[in-house]
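Asker: The lines below spell out each chain.
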Amino acid sequence: MSATNKLTIARAMAESLAQEMRTDPNVFIMGEDIAQLGGVFGNTRGLYTEFGEERIRDTPISETAFIGAGVGAAMDGMRPVVELMFVDFFGVCFDAIYNLMAKNIYFSGGHSNVPMVIMASTGGGYSDGGQHSQCLYATFAHLPGMKVIAPSNAYDAKGLLTAAIRDNSPVIYLFHKGLQGMGWLGTEPAAINQVPEENYQLEIGKAKTVISGTDITIVSIGMGVHHALKAAHELQKDDISIEVIDLCSLVPLDRQHIIESVNKTGRLIVVDEDYHSYGMSGEIFASVIEHDHTIFKTPPQRITYPDIPIPFSRPMEQWALPSTEKIIHACLTMKEK
Amino acid sequence: MLPTNEQRRWMYRNMLISRYMEERIETIYMEGKKPIFNMANGPIPGEMHLSNGQEPCAVGVCCHLGTEDIVTATHRPHHIAIAKGVDLKKMMAEIFGKKTGLSGGRGGHMHLFDKDVNFACSGIIAQGMGPAVGAALSRKLQRKSGIAIAYIGEGAANQGAFHETLNLASVWKLPVIFIIEDNDWGISVAKSTSTSVSKNSDRAAAYGMPGIFIKDNCPDQIFSATAAAVEQARCGDGPTLIEIKTSRLAGHFMGDAEDYRPKGEKENLLKNDPIPTYRQALLDEDVITIEEDSALVQETQQLIEDAITFARESDEPAPEEALEHVFAH
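Chains as they are written, first to last, in full-length UniProt numbering: chain A, 1 to 337; chain B, 1 to 329.
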């Protein structure tokens, strides 16, 4: 076992990027403010000093151009990592993402690869308004041809980013701002954990049981995992045993892992900071029911972001977000049934 | 820089291949679509965008290119694909949606991809430009030879991607050339009513790159006018925007009644068809003899007939093959 360091997600991401760039000269990074600034969310900090402006490329604010360019570079043998600062900005460049990046392997009949990573920040909770706080997990997961991952802690963040860079298919890598370990965005302490110094990769498409339990399965991703863990800890006092599953990946989705857990507990709660309708929670319910419609002892519940734009005002936004309290309440009502 | 006679014969030959392919597709496309036109019927279903009239833009530029150079084309890609050397049989099979097609029938006529000759296209206006810029960046970063060419129509010059990619290519000094095929029509909307400048090549100035306007739909002129841009890109001196006045002899797609065209325009365009004009020039200048021309016509027609036979006789893909190649292996 190599030495480990306690890292934030931001630093774990930078470490993965640096190690992959040292190993593979075809890896390069481009995006907005990633060079001297080191990324608005800190995930490219220090890389410019080591690798210089040729491989750590600040772009103009032209997402259509530089994400499209990522596709062309990937198809020509490079491994571009492209930062889309806020996932909310996808609207100005979505054609390059879902019509080019995600479809060109298919259109080429598998003769071309598109080994490209888009890193984008997700999540709100700090009053940044409705165009800088969304998660949009399901938007990307819904459209075929791109893998979609979202780590909840630094160890996973490094291993999954390394896997994403080495993957020959395009990967959307979504990191939650509240988990980055940037003080000014609020910091979730549990996202900062021990990270091996050596390079390693985690398999994309594998969910993890973070804590085992027997009464209720809670499935989540990103920030929701931390809300669920806190709820599980509180509920222990009431002798309610919670199993928390961190999906890590939305595409591919580890349906089997979820089904096995619900088989054991018979109860399911999905926590998702993305919008309520047509999203991850519905997909997970459907996946379980399609497998066995008799599996549930009680109706499943979902704690999601309501179908409204994200409001600026603190009380309104905080009311709308998933929270530990909402999860505890759902678990208690579920257990009574 | 003038083309050699050998280059002129190459350009003429590829124009003939393209034209004959379009003529044959035009007939085959209508099989099963008469008397009631239904796009889904016949051996070639879906939209069909013919490029007859625009062949000089393909050959005049691609004559400078090799296999290693990268070309991204538009939704009207056949002439460019042919000039870039895309395999004719596999391309025809792809247009028919057959298993033996370039991508086994997953792409179709608007999504032709041939990695062997670095050819790709996109059915979305202006969206081939980003990938071309990225390929150019890749060549620069890898210090590999080869330049990238993005073909677009004049309608694409009003898209955001056009302006973003021109700026990016210029600021990074990339080996890329943007070719605008100006056929005056974005489907049914005239350029004069949609575009604030009369020459899109003027827009190059806004991005600090040379803008070249080629007024004649003639392979020799296009060859000569693009030579410097190719040289500039190969030397690492950055991008160029080139606009070529060309003509779309057919409608936007097959089935287009073309009622929007002013009276007499179509007749005028057909009178100035670039292929007979070029043939006459080559004959007049003794670049080819009448006998050579007939032999060439026959040879190119045979190539297309062989490709059509290959496509017709190829198997349909098994339906469940649709599930393959969503992700890389």
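To be clear, the hints were calculated from the coordinates, so they are not data collected in a lab.
Please read all numbers here as calculations on a predicted model, not as lab measurements.
Keep in mind that the hints are not guaranteed to be accurate.
To be verified - Among the chain B residues that face chain A by a calculated CB cut under 7 Å, a handful are: (1) Lys99; (2) Ser103; (3) Gly104; (4) Val133; (5) Leu137; (6) Gly160; (7) Ala161; (8) Leu168; (9) Ser294; (10) Ala295.
Backbone N, C-alpha and C fix where the C-beta goes; we use that ideal spot for every residue, glycine too.
Asker: Next step is simple, just say for each hint if it's right about the structure.
Answerer: Comparing the hints with the structure gives:
1. Lys99: violated (10 Å)
2. Ser103: At about 3 Å, which falls below the 7 Å cut-off, the nearest Cβ of chain A leaves the hint on Ser103(B) intact, so it holds.
3. Gly104: Holds: closest Cβ of chain A sits about 5 Å from Gly104(B), inside 7 Å.
4. Val133: At about 5 Å, which falls below the 7 Å cut-off, the nearest Cβ of chain A leaves the hint on Val133(B) intact, so it holds.
5. Leu137: holds (5 Å)
6. Gly160: holds (6 Å)
7. Ala161: holds (5 Å)
8. Leu168: Constraint on Leu168(B) satisfied, holds at 4 Å.
9. Ser294: Hint violated; Ser294(B) Cβ to chain A Cβ min 38 Å, cut 7 Å.
10. Ala295: violated (35 Å)
Hint check: violations occur at hints 1, 9 and 10; the rest are consistent with the structure.
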